[in-house]
Amino acid sequence: MARLPWLKLAAHGVMAIPLFFLVTGWTELLWWNPASRALSAEPVAYTHNALGLAALRALLASLAVTPVRLVTGWGRVVTVRRLLGLWAFAYALMHLLFYLFAELDWSLAALAAETAKRPFILAGMVAGLALLPLAATSTAAAIRRLGARRWQALHRLAYLAGAAGCVHFILRVKGFQWEPWLYLGLLAGLLAMRLAPQSALRLRLRTS
Amino acid sequence: MLIRRNPSWALPEREATPEALYMNRRAVVAGLVAAGALPAAASTDPEKVARIAARRTMDAGEPATALADVTGYNNFYEYGLDKGDPARRAGTLRPSPWTLRVGGLVKTPLTLDVDRYIARAPWEERVYRFRCVEGWSMVIPWVGVPLSSLIRAVEPLGSARYVAFRTLADPAQMPGLRAPVLDWPYREGLRMDEAMHELTLLTVGVYGRRLPNQNGAPIRLVVPWKYGFKSIKSVVAIDFVETQPETSWNMATPREYGFYSNVNPAVDHPRWSQARERRIGEFRRRETLPFNGYAEVAGLYAGMDLKRFF
Chain A
515 MARLPWLKLA AHGVMAIPLF FLVTGWTELL WWNPASRALS AEPVAYTHNA
565 LGLAALRALL ASLAVTPVRL VTGWGRVVTV RRLLGLWAFA YALMHLLFYL
615 FAELDWSLAA LAAETAKRPF ILAGMVAGLA LLPLAATSTA AAIRRLGARR
665 WQALHRLAYL AGAAGCVHFI LRVKGFQWEP WLYLGLLAGL LAMRLAPQSA
715 LRLRLRTS
Chain B
233 MLIRRNPSWA LPEREATPEA LYMNRRAVVA GLVAAGALPA AASTDPEKVA
283 RIAARRTMDA GEPATALADV TGYNNFYEYG LDKGDPARRA GTLRPSPWTL
333 RVGGLVKTPL TLDVDRYIAR APWEERVYRF RCVEGWSMVI PWVGVPLSSL
383 IRAVEPLGSA RYVAFRTLAD PAQMPGLRAP VLDWPYREGL RMDEAMHELT
433 LLTVGVYGRR LPNQNGAPIR LVVPWKYGFK SIKSVVAIDF VETQPETSWN
483 MATPREYGFY SNVNPAVDHP RWSQARERRI GEFRRRETLP FNGYAEVAGL
533 YAGMDLKRFF
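Residue numbers (the working numbering), protein chains in the order written: chain A, 515 to 722; chain B, 233 to 542.
Don't read these hints as lab results, they were simulated from the structure.
Just so you know, these numbers come straight off a predicted model, no measurement behind them.
Backbone N, C-alpha and C define an ideal beta-carbon position, used for all residues, glycine too.
One or more of the hints may lead you astray.
[Said to hold, decoys possible] Here are the simulated distance ranges between beta carbons: (1) B/Glu294 to A/Trp620: 56 to 64 Å; (2) A/Trp620 to B/Gly323: 17 to 25 Å; (3) A/Glu542 to B/Pro295: 40 to 48 Å; (4) A/Asn547 to B/Ala527: 33 to 41 Å; (5) B/Thr331 to A/Ala530: 35 to 43 Å; (6) A/Trp545 to B/Ala527: 39 to 47 Å; (7) B/Asp277 to A/Leu614: 34 to 42 Å; (8) B/Asp291 to A/Asn563: 46 to 54 Å; (9) B/Arg352 to A/Gly699: 48 to 56 Å; (10) B/Asp402 to A/Leu521: 47 to 55 Å; (11) A/Leu674 to B/Gly293: 24 to 32 Å; (12) A/Phe615 to B/Arg410: 53 to 61 Å; (13) B/Ala404 to A/Ala626: 31 to 39 Å; (14) B/Thr340 to A/Ala626: 56 to 64 Å.
Pulled out of the complex, with its shape left as it was, chain A reads as follows:
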């Protein structure tokens, strides 16, 4: 019997937590407890925010894979990168669909108008669109078709998606809030680690 891919299963499990929480929350609210506050007093806004946040966190997790491998030398961690990226795309897609459904009555014209009018929606759309080709070329066959070098260049779009997602979040909140800046800082840190010479990363590990 083949060994269980426990690392992948664990990653799927963690990534599914927000979705599981939302599904159970809505099930409770709609079917047996209309007074439930599991999804706050404003379940629509809560769901919308939770999906967006899950997308950003999953994307940052996928971008953390390579730096984790560089620092720790743990090679197998790479096996979860694709699934983390696909979860990020799935959450971003659900975030967009939920927005279309709950706020725009499925009107693509309204979506276009909002995108043109509001920079924070534009940033969110850029993040989502940047993820689309990555999800579409996530298969081994796609890597073969594109060639590893071109595939890798294309997948650097993930950083654009991350930056646009952070800007989307920063512009969305009221006043000055730390949380979205924290994500942007994390993203910058992950990018810096990738640009730093690999020997420097390993050296830091050895001396720590």
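Add chain B to chain A, keeping to what the hints say.
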């Protein structure tokens, strides 16, 4: 001849209790509350705070939002950014005893003992719509009196054209002050005619009881035709001034939050539409009404371009 009549709840200096006695009184009261013998003046549990007798004078014509939502879901950044934070974290506020200083350009400045004020004034219950600038809304039965009654008591000078309000800013009682979200203390303001308007409510209770801490205990403002952030909470100072006072959200982002901030479906927030709102407890959004449905205030803004003075 100047005849000065102090209202019953004004507190002359000679009546101020020495601090030691006063702290002792607090210990005694706290003991009685803990023993269940007295209703609490302060709590985050809306069922535990003391009742206030009030006569209902205004109805919204629609059912009030559930107590759990009114007291469990609101913005009060002094306790954190999440709308559940005020209910979770406002237990550190000590709204009793509380003094509210009313001064500035007035003939008779006052220092209000809020507990005594609550005990003596004839209170009204008014069910108002409450529209947050974020796009959600509630229907809330407040307990208060028109702010105009307090304004008349202090006799503003002719030069007083605006009223400035300030919230407590004590990091020991308000953990959210550590975050630089706004330039603390929280400040708000009204033009004199807005402050004098019959709808502007000096509020001490909700749902027939004293305000729970998270809703701005012990005393706050409710201005139902303006976005919720104008209805400043836990007020410690009211000052009559000559020029338009600084207001916290306007200082933070002047492009997004104007001094007036009247509810207006025709003027979008730069980042989102204000045309519709979600009433807490409902799924679909509903149309937002000009001045939040309080058309009687329109006269205050006659001749003003409300797109410019948003």
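Right, here's what the structure says about each hint:
At roughly 28 Å, the beta-carbon separation of B/Glu294 and A/Trp620 lies outside the given 56 to 64 Å, and the hint is violated. Restraint check, A/Trp620 to B/Gly323: a C-beta distance of roughly 44 Å breaks the suggested window 17 to 25 Å. A/Glu542 and B/Pro295 have their C-beta atoms about 23 Å apart, which leaves the hinted 40 to 48 Å range violated. A hinted range of 33 to 41 Å holds for the C-beta pair A/Asn547 and B/Ala527, which are about 38 Å apart.
Roughly 53 Å separates the CB atoms of B/Thr331 and A/Ala530, a value that falls outside the hinted 35 to 43 Å. Restraint check, A/Trp545 to B/Ala527: a C-beta distance of roughly 41 Å satisfies the suggested window 39 to 47 Å. Restraint check, B/Asp277 to A/Leu614: a C-beta distance of roughly 40 Å satisfies the suggested window 34 to 42 Å. The given range of 46 to 54 Å is broken by B/Asp291 and A/Asn563, whose C-beta atoms sit roughly 34 Å from each other.
One distance hint, 48 to 56 Å for the beta-carbon pair B/Arg352 and A/Gly699, holds here, with the actual separation near 54 Å. Between B/Asp402 and A/Leu521 the beta carbons are some 49 Å apart, a value that agrees with the proposed interval 47 to 55 Å. Restraint check, A/Leu674 to B/Gly293: a C-beta distance of roughly 51 Å breaks the suggested window 24 to 32 Å. The supplied range of 53 to 61 Å is broken by A/Phe615 and B/Arg410, whose beta-carbon atoms lie about 38 Å from each other.
Between B/Ala404 and A/Ala626 the CB atoms are about 50 Å apart, so this pair departs from the stated range of 31 to 39 Å. Roughly 60 Å separates the CB atoms of B/Thr340 and A/Ala626, a value that falls within the hinted 56 to 64 Å.
Of the numbered hints listed earlier, those contradicted by the structure are 1, 2, 3, 5, 8, 11, 12, 13.
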